[in-house]
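> Here is how the chains run, residue by residue.
There are 2 protein chains.
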Amino acid sequence: MPKISDKGLMMPESPIRKLVPFSERAKKAGRKVYHLNIGQPDIATPASMIDAMHNLDIKVIEYSHSAGIHSYRESMCLYYKSHNIDVSPEDIIVTAGASEAILFAVQSCLNPGDEIIIPEPFYANYNGFTISAGVVVKPIISNIESSFALPPISEFEKAIGPKTKAIMVCNPNNPTGYLYSEEELEVLRQIVIKYDLFLFADEVYREFCYDGNVHHSVMNLAGIEENVVLFDSVSKRYSACGVRVGALISRNREVMATAMKFAQARLSPPSLGQIAAEAAMATPASYFVEVIQEYKKRRDTVVTMMNKIDGVLCPNPKGAFYVTARLPIDDSDKFCQWLLEDFNYDNQTVMLAPATGFYSTPGAGKNEVRISYVLNVTDLQNSILCLQKALEQYPGRIL
Amino acid sequence: MPKISDKGLMMPESPIRKLVPFSERAKKAGRKVYHLNIGQPDIATPASMIDAMHNLDIKVIEYSHSAGIHSYRESMCLYYKSHNIDVSPEDIIVTAGASEAILFAVQSCLNPGDEIIIPEPFYANYNGFTISAGVVVKPIISNIESSFALPPISEFEKAIGPKTKAIMVCNPNNPTGYLYSEEELEVLRQIVIKYDLFLFADEVYREFCYDGNVHHSVMNLAGIEENVVLFDSVSKRYSACGVRVGALISRNREVMATAMKFAQARLSPPSLGQIAAEAAMATPASYFVEVIQEYKKRRDTVVTMMNKIDGVLCPNPKGAFYVTARLPIDDSDKFCQWLLEDFNYDNQTVMLAPATGFYSTPGAGKNEVRISYVLNVTDLQNSILCLQKALEQYPGRIL
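Taken in sequence, the protein lines are chains F and S.
Quick note on numbering: the numbering used here labels position 161 of the first sequence as 161, and the sequence is numbered without any gaps.
Quick note on numbering: the numbering used here labels position 313 of the second sequence as 313, and the sequence is numbered without any gaps.
Just to be clear, a hint being listed does not mean it is correct.
Chain S side only, calculated, beta carbon under 8 angstroms to chain F, not exhaustive [stated by the list, open to error]:
(1) R17
(2) P21
(3) E24
(4) I61
(5) Q107
(6) S132
(7) G134
(8) V136
(9) P139
(10) G212
(11) S271
Partial list, derived from the structure: chain S residues whose beta carbon lies under 8 angstroms from chain F [unchecked claim]:
(12) M11
(13) D42
(14) A44
(15) M53
(16) A96
(17) P112
(18) E115
(19) L197
(20) F198
(21) G223
(22) N227
(23) C241
(24) G242
(25) N382
(26) Q388
The set of hints was computed from the structure by calculation and includes no laboratory data.
Note that the coordinates shown come from a computational prediction; the quantities given were computed from them, not determined experimentally.
For each residue, glycine too, the CB sits at the ideal point set by N, CA and C.
Can you make the complete structure from the sequences, with help from the hints?
Quick look at the structure:
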């Protein structure tokens, strides 16, 4: 039997999914499992998107243009305009989720062995895309004590070497919910100019900002128009993860022409998803007002309850729908597995994502977990109560 | 401005798309362009698929399981059963078209620098997926004189070296339409056993067999169950290219576990497409009878008319909906561009795919073109008449 590849061996299992067999077993044993581990919102997809499918008026479900349906890309430009971002359809390649956009960017911009700096903790799947391309992630640590703010410029400069080709950020951040300030983006701008790096930015949570805070896009950083590559997606925005419609966006002509060759090789992004996503442009502003209000309530519930638990540190993030919290535990992988295997409170338990999977520095995140607040407030209250009881009983508790 | 990657520079432009700017110009100039260059069928998508969207009854368009919706994978097993292929849902990962399945297989099974043997001409996009993974294609030539039959075993053995890890075939073949016989598959089986290679097979045109010929799947080759990886797609089968639903199928547990990690990194295949594809399982057998009859008529039209043209050699393929034909021309890239730029017959012209893009041996395919017979018989008649007139006038004609 021929051997599988070294990359295949290197690929990590998803921290969100590796505990699934344990949660399945807990459910089979009759326990209720609250899923705080996943990024699948429970919010209803806008009716306009479902209606677009109900009213589908085509005879053949054809390939779209490899860069995406032109009218959809035009409508995206209007959407970005409303967020003070000026782009034209030529700056956009529609992709199968932001995932494919990241893959195209890494393949188009970096050689095997090149290095990309990412503040950690970071979205675990970035590992998959960099391993695919043979690219090396150089993590620099964001500290929970400073709520996971951007590391200081000196940390970037320590990590930059002759192989450094890009910096990647997620803003608002998954898994920390941290929203970068204008000043922090200015720091990034200066480093990018000084070392002539690509700046990759994942802004799929753009709308999800709380407490009156405003999102600032890397697309508006002056003087680095040729360096910036943006990843976007309608998945979280419209609670429509299953349409698999994202985008790679850049004003760098060479990057776009190169990414386009990768896009042509896979022929087309999903057509049905694009038709739904174009229809989503008709979503009234009130949809977001309500959704943001709902998420804010959820965040407040989680953060308030978490910080009341003895030994827990839970920053109060300004964006996205995640918190990364420090728990008084020995090992978050063991703890999260124990929650599913050996614990119940009133026949209920919680599924969390161990933060170890969001760090690439070995040993980091062992006392942290990511919580997605994608359940309603009552379920969240029950979940955090469960977690509190679990921390009281967990044999690996550290005080 | 930072430089793009070496892979990006190496990526070829799609042979199907590189002439698009010229066809756009021809259309703007008021000429009718017959598109024989693309693999987008004009056949109506089964009503069951469109109806599934009309009747969509969900509130949230969620991620599916990373391996695909379980009920869809179960229905796929029944479909394969009806084609005498025994697989279980665990042998299937649903992908964004066959494209993504090929990418996962190459990444999971081959290291950068490893070699894969592919009979040429071959589907041009295989280049993109192998370049992405840093894998080297070793082509062995199929001859037009033998209608593009599988090269003899001696040719494979000449190409096999210490870096050879896999053989890849497309059956029925794109771009030649060639359908491999049981004897030819037996040759592949023996080589695969002797050298312990992976055998990748793209069988997306399985249904499209003519003149009473039967498709034989690599999944039924005895003794190489752990070596075989199958790529499949509903795109051509149901004329539903835009749903982006394919599959990677293998009985090799290690390959599946590894591919699954790549599948998890991109989260989910398109959910709407999968719902449509599952509904397609209700397509009556009469759909295929009619479709196959229609394609057979088209093939007969093209092959008969082509072989009447002076200096043309056009094999009569038994499968898929492509022919690769030899023309009395100096350079197929030049000729195909000339057709769009400088030629018209009755204000009409044809767009063909130069075969050079389907060969990786430099200079091969310079007097060949691929024709997709995805237009109705009348349009095909007009197209081939156009081509005949063009060949009479083309300045680079070679006799």
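> Hints first: check each against the structure and report whether it holds.
Hint by hint, here is what the structure shows:
{"no.": "1", "hint": "R17", "result": "holds, 6 angstroms"}
{"no.": "2", "hint": "P21", "result": "violated, 13 angstroms"}
{"no.": "3", "hint": "E24", "result": "violated, 12 angstroms"}
{"no.": "4", "hint": "I61", "result": "holds, 4 angstroms"}
{"no.": "5", "hint": "Q107", "result": "holds, 6 angstroms"}
{"no.": "6", "hint": "S132", "result": "holds, 6 angstroms"}
{"no.": "7", "hint": "G134", "result": "holds, 6 angstroms"}
{"no.": "8", "hint": "V136", "result": "violated, 14 angstroms"}
{"no.": "9", "hint": "P139", "result": "violated, 18 angstroms"}
{"no.": "10", "hint": "G212", "result": "violated, 28 angstroms"}
{"no.": "11", "hint": "S271", "result": "holds, 3 angstroms"}
{"no.": "12", "hint": "M11", "result": "holds, 4 angstroms"}
{"no.": "13", "hint": "D42", "result": "holds, 7 angstroms"}
{"no.": "14", "hint": "A44", "result": "holds, 5 angstroms"}
{"no.": "15", "hint": "M53", "result": "holds, 4 angstroms"}
{"no.": "16", "hint": "A96", "result": "holds, 5 angstroms"}
{"no.": "17", "hint": "P112", "result": "holds, 6 angstroms"}
{"no.": "18", "hint": "E115", "result": "violated, 13 angstroms"}
{"no.": "19", "hint": "L197", "result": "holds, 6 angstroms"}
{"no.": "20", "hint": "F198", "result": "holds, 5 angstroms"}
{"no.": "21", "hint": "G223", "result": "violated, 11 angstroms"}
{"no.": "22", "hint": "N227", "result": "holds, 6 angstroms"}
{"no.": "23", "hint": "C241", "result": "holds, 4 angstroms"}
{"no.": "24", "hint": "G242", "result": "holds, 3 angstroms"}
{"no.": "25", "hint": "N382", "result": "violated, 21 angstroms"}
{"no.": "26", "hint": "Q388", "result": "violated, 29 angstroms"}
Hints 2, 3, 8, 9, 10, 18, 21, 25, 26, counting from the list given before, are not met by this structure.
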